[in-house]
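Trainee: Position one of the sequence shown corresponds to residue 53 (this note's numbering), numbered consecutively onward.
Derived by calculation from the structure, the hints in this document are not laboratory data.
From the three backbone atoms N, C-alpha and C, an ideal C-beta is built for every residue, glycine too.
Heads up, a few of these hints could be off.
Stated by the list, open to error - Straight-line alpha carbon distances no greater than 20 Å define the calculated EDC-like cross-link-like pairs of lysine to aspartate or glutamate that follow: (1) Lys103 / Glu80; (2) Lys164 / Glu139; (3) Lys224 / Glu188; (4) Lys224 / Asp160; (5) Lys242 / Asp94.
Unchecked claim - Listed next, with one range per pair, are the computed distances between beta-carbon atoms: (6) Gln189 / Ala97: 37 to 43 Å; (7) Glu170 / Pro100: 41 to 47 Å; (8) Pro137 / Leu236: 37 to 43 Å.
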Amino acid sequence: MALTFYTNPQSRGRIARWMLEEVGVPYETVVLDYQGSMKGDDYRAINPMMKVPAIVHDGQVVTEGAAICAYLADAFPDAGLAPTPAERADYYRWLFFAAGPLEAAVTDRSMKVEPTAEQQRMAGYGNFDLTASVLEQAVGRHPYIAGDRFTAADVYVGSGVSWYTQFGLIPKTPVMAAYLERILSRPAYKRAGELDDAAAAGVGQSG
53 MALTFYTNPQ SRGRIARWML EEVGVPYETV VLDYQGSMKG DDYRAINPMM
103 KVPAIVHDGQ VVTEGAAICA YLADAFPDAG LAPTPAERAD YYRWLFFAAG
153 PLEAAVTDRS MKVEPTAEQQ RMAGYGNFDL TASVLEQAVG RHPYIAGDRF
203 TAADVYVGSG VSWYTQFGLI PKTPVMAAYL ERILSRPAYK RAGELDDAAA
253 AGVGQSG
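Please construct the entire structure, taking both the sequences and the accompanying hints into account.
Mentor: What follows is the structure, encoded as structure tokens:
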């Protein structure tokens, strides 16, 4: 079984790293730089978008952070991160909400793009304030995004909540803070952060 992880430690690759550490299986890490190897033919054959993260598992390529989280949960069921039948609705609902409407809303806000009332009918997220409010409701409904236990969806949703609140893109309300306290205390999250911080230091030294 071969599992290779393509990343840059200053990217969304941190989401996939956390998920890999939660799964707990051996993997090889390939660190790419933005202007060189990430644009090269070898990596373009893996991800034509020339973005990270990506994984190659036994010859199968998976890109996009949410897809990687869901794939790894299914590929390694012993980790217990895939949803039970009772958890599937919230698991998939909020995983795709975070990858779709939430990502778009935060990206637009960070670029100072504000859709007009007419444009909001076309935008998948409607407007930013509504999207942020729905996110807060989602993380406050249960201890974890899909229910009473941690799943792969928390890796993706939680990473977004952590980043967006850290940079002031979404308010860090008491509900958000309590959710982050639960998920960011996990050993796998801490291991992943240490690995990425070390990789980032190496990238800086070599660059």
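Trainee: Each hint should be assessed against the structure and marked as holding or not.
Mentor: So, going through the hints one by one against the coordinates:
Of the pairs offered as hints, the one joining Lys103 and Glu80 holds, with about 18 Å between alpha carbons and a cut-off of 20 Å not exceeded. Pair hint Lys164 plus Glu139 does not hold up; C-alpha atoms about 36 Å apart against a cutoff of 20 Å. Distance check on the hinted pair: Lys224 and Glu188 sit about 9 Å apart at the alpha-carbon level, within 20 Å; holds. With a CA separation close to 19 Å, the supplied pair Lys224 and Asp160 stays within the 20 Å bound.
At most 20 Å may separate the alpha-carbon atoms for a hinted pair to count; Lys242 and Asp94 exceed this at roughly 31 Å. For Gln189 and Ala97, the hinted distance range of 37 to 43 Å is satisfied, since their beta carbons lie about 42 Å from each other. For Glu170 and Pro100, the Cβ-Cβ distance of about 34 Å falls outside the hinted range of 41 to 47 Å, so the restraint is violated. Separated by about 28 Å at the C-beta atoms, Pro137 and Leu236 break the suggested range of 37 to 43 Å.
In this structure, the hints that do not hold are numbers 2, 5, 7, 8, in rising order.
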